[in-house]
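Between the sequences and the hints, there should be enough to build the whole structure, so can you do that?
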Amino acid sequence: MFNNKSILITGGTGSFGKCCIKTILERYSPKRLIVFSRDELKQYEMQQEFNEPCMRYFLGDVRDAERLKQAMRSVNYVIHAAALKQVPAAEYNPMECIKTNINGAENVIKAAIDNGVEKVIALSTDKAANPINLYGATKLVSDKLFVAGNNIAGGQNTRFAVVRYGNVVGSRGSVVPFFKKLIAEGVKEMPVTDLRMTRFWITLPQGVEFVLQSFQRMYGGEIFVPKIPSSRISDLAEAIGPNFPIKVIGIRPGEKLHEIMCPNDDSHLTLEFADHYVIRPSITFTTPIDYSTNAVGEKGYCVEEGFEYNSGTNPQVLTVKELQEMI
1 MFNNKSILIT
11 GGTGSFGKCC
21 IKTILERYSP
31 KRLIVFSRDE
41 LKQYEMQQEF
51 NEPCMRYFLG
61 DVRDAERLKQ
71 AMRSVNYVIH
81 AAALKQVPAA
91 EYNPMECIKT
101 NINGAENVIK
111 AAIDNGVEKV
121 IALSTDKAAN
131 PINLYGATKL
141 VSDKLFVAGN
151 NIAGGQNTRF
161 AVVRYGNVVG
171 SRGSVVPFFK
181 KLIAEGVKEM
191 PVTDLRMTRF
201 WITLPQGVEF
211 VLQSFQRMYG
221 GEIFVPKIPS
231 SRISDLAEAI
241 GPNFPIKVIG
251 IRPGEKLHEI
261 MCPNDDSHLT
271 LEFADHYVIR
281 PSITFTTPID
291 YSTNAVGEKG
301 YCVEEGFEYN
311 SGTNPQVLTV
321 KELQEMI
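Under the UniProt record's numbering, the first residue of the sequence shown is numbered 1, with each subsequent residue one higher.
The set of hints was computed from the structure by calculation and includes no laboratory data. Where is the CB? At the ideal position from N, CA and C, for every residue including glycine. Treat the hints with care, since some could be wrong.
Each computed DMTMM-like pair below joins lysine to aspartate or glutamate, with the alpha-carbon atoms no more than 20 Å apart [as the list claims (entries may be wrong)]:
{"id": "1", "residue 1": "Lys69", "residue 2": "Glu26"}
{"id": "2", "residue 1": "Lys69", "residue 2": "Asp114"}
{"id": "3", "residue 1": "Lys69", "residue 2": "Glu106"}
Label pairs and their computed distance ranges (CB to CB) [as the list claims (entries may be wrong)]:
{"id": "4", "residue 1": "Gln216", "residue 2": "Glu96", "range": "49 to 55 Å"}
{"id": "5", "residue 1": "Ile289", "residue 2": "Asn243", "range": "52 to 58 Å"}
{"id": "6", "residue 1": "Glu298", "residue 2": "Ala184", "range": "42 to 48 Å"}
{"id": "7", "residue 1": "Pro191", "residue 2": "Ala89", "range": "16 to 22 Å"}
{"id": "8", "residue 1": "Gln156", "residue 2": "Val187", "range": "53 to 59 Å"}
{"id": "9", "residue 1": "His268", "residue 2": "Gln47", "range": "43 to 49 Å"}
Now the structure itself:
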């Protein structure tokens, strides 16, 4: 579906953007593949790796509505990956996080509608479900904005959906490279916040694959959630640093013991498919949509009342050996 199409990725120089661009170039022949981001050095470095004729590099910030509107001219599909993601930084700099994650989302929606973009998928996070930190709260607002964007579009054909998943193995700023860095620096103990803590895990290629599949599956208004494994953080520490003693340092501000991707409060809206869940919109669109059968014909079924997709109760749990293989 991406052959001879123009695709724009906000935050395109990030871990997801690079993997997504590599995948699209390997599988499809896009007309234009646009990287939209604010860091000129990262764009310069990326151009050394991805310099195909279809590539375009646009300097800009999602906070800048006019620049986004220019960048989306004649674009067919948008992947919105730009965000401020660091939980402690968001707690300390709340207004900056709001400007990027909420105001930036609004700008993306308006620019897409104004330019007649066909489909937009926004990347979300497990921290947006029942959020307790500012980052998660801003991403929940962003999710709500993108779902509502299908109504805001009115008579336009632009459709919006959201993809929500957990921690990405090895992405910049995540715990895996942090643990590896500590070992390289010669630490004697592995710092773990709480021995009970669990997290959802997905690899970058899996995340990209799920987003690309969601473009085909979407009608507009869905929050797509992949079925992915969980692990205890203590097992992850053991997988990266076998035989290292663990030092419990306590939960940081804004952290949870377990993460949620489908809250039980949304169980009446949640559909289970073979390899993913869909949270239907709680608002009514002008044209009724039957989300139980998606756009590629896959059938979903309502989950039980009170169902919650929680990293602590997830039946898919990675062993230490499986974590080592994934890392």
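Could you check the structure against the hints above and give me the numbers of any it violates, in ascending order? Hints 1 and 4 contradicted; others consistent.
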